[in-house]
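Following the hints, position chain B against chain A.
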Amino acid sequence: MTTGFEKAQVTQPSDREVKVVRSFKAPRDLVYKAYTTPELVKRWMLGPPGWTMPVCEMDVRVGGKYRWRWRSDDNAKEFGFHGEWKEVSAPAKLVHSEFFDPGDVGGDMGEGSMITVEFTEDKGVTTMTSVMDFGNKRACDAAVATGMTDGMEQSYQLLDSLLAKR
Amino acid sequence: MKPAENRLDRTFVALADPTRRAILARLALGEATVTELAKPFSISQPAISKHLKVLERAALISVGQDAQRRPRKLATQPLAEASAWLERYREAWEANFERLDGLLEEMQRPAARRKPKKK
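For the record, the sequence lines run as chains A and B.
Numbering follows the working numbering, in which position 24 of the first sequence is assigned residue number 24; successive positions increment by one, without gaps.
All you need for the working numbering is the position in the second sequence, starting with 1, plus 1000.
Bound-form chain A, shown alone (with noise of 0.2 Å):
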């Protein structure tokens, strides 16, 4: 089993934005293919563990749309992200708008974001460079601290009180 090659590293380039930079040993197509392939999305876009993905709708192309919800093994609750393509430059760069939906977990993130994915090769290793554009400092320091992490936030929670009845 491949540990991770490189971890994912986080960052800020300005109050607004979230970056997120993971190189994987692959070359650019497939990592492509992973990211863009509903069936394959399902299987590793999930989160903290706890979840599942029932919902993994995706119409690659500028102006087609995609779904996603997330249940939760422990009270079936539900929340997602949709949004649609501005942008699809296959296999180098992804633009698309995400939206929050609150399901039956709620929350709020406000006006939604763009986010950027773009990929580059070199030598059989694929960088991933994904940026989360919020428009504002305010929304992206919510989505940062609150909103982004509601639903992980309760897996989160359910491990602590697990962890403090043993």
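Keep in mind the hints are simulated off the structure, nothing from the lab.
All C-beta atoms, glycine included, are put in the ideal place defined by N, C-alpha and C.
There could be a bad hint or two in this list.
Unchecked claim - Here are some, though not all, of the chain B residues that point toward chain A, as calculated from beta-carbon distances under 8 Å:
1. D1009
2. F1012
3. L1086
4. W1093
5. A1095
6. R1099
7. L1103
8. Q1108
Relative to chain A, chain B alone:
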């Protein structure tokens, strides 16, 4: 909203202003009075005091013992909490990427050795 999340919001709002970040950078070098903190900026002392109130409400700074001088100093714990959220965010993404590592490895195996597709 839980009290911890309220404070975290206040922490991020407090950090979102460049003047307040400069004040924190100055206080990292040691405590200072309002007069001392106002010196590098072209804004008024009342304006500086407003910034200090925001930082105090976020518990990023506290007021020192001297009742007359009322120096401000850094309180370090909330800053650690703010970066803990970024770290948690990073961990959630790293969980995804480790799964993706496994999937990519599977995709690159010769067809005969590939595991059957899981349901």
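A quick look at each hint next to the structure:
Interface restraint check for B/D1009: the shortest CB-CB distance to chain A comes to about 6 Å, inside 8 Å, so the restraint holds. Interface hint at B/F1012: satisfied, since its Cβ lies 3 Å from the closest Cβ of chain A, which is below the 8 Å cut-off. At about 6 Å, the closest approach between the beta carbon of B/L1086 and any beta carbon in chain A falls short of 8 Å, and the interface hint on this residue holds. The interface hint given for B/W1093 holds, since its Cβ lies 5 Å from the closest Cβ of chain A, which is under the 8 Å cut-off.
For B/A1095, the suggested interface contact is upheld, since its CB lies about 6 Å from the closest CB of chain A, less than 8 Å. Taken as an interface hint, B/R1099 checks out: its beta carbon lies about 4 Å from the nearest beta carbon of chain A, inside 8 Å. A cut of 8 Å between beta carbons decides the hint on B/L1103: the least distance to chain A is about 5 Å, and the hint holds. Annotation: interface hint on B/Q1108 holds; nearest CB of chain A at approximately 6 Å, less than 8 Å.
Violated hints for the displayed structure: none, as all numbered hints are satisfied.
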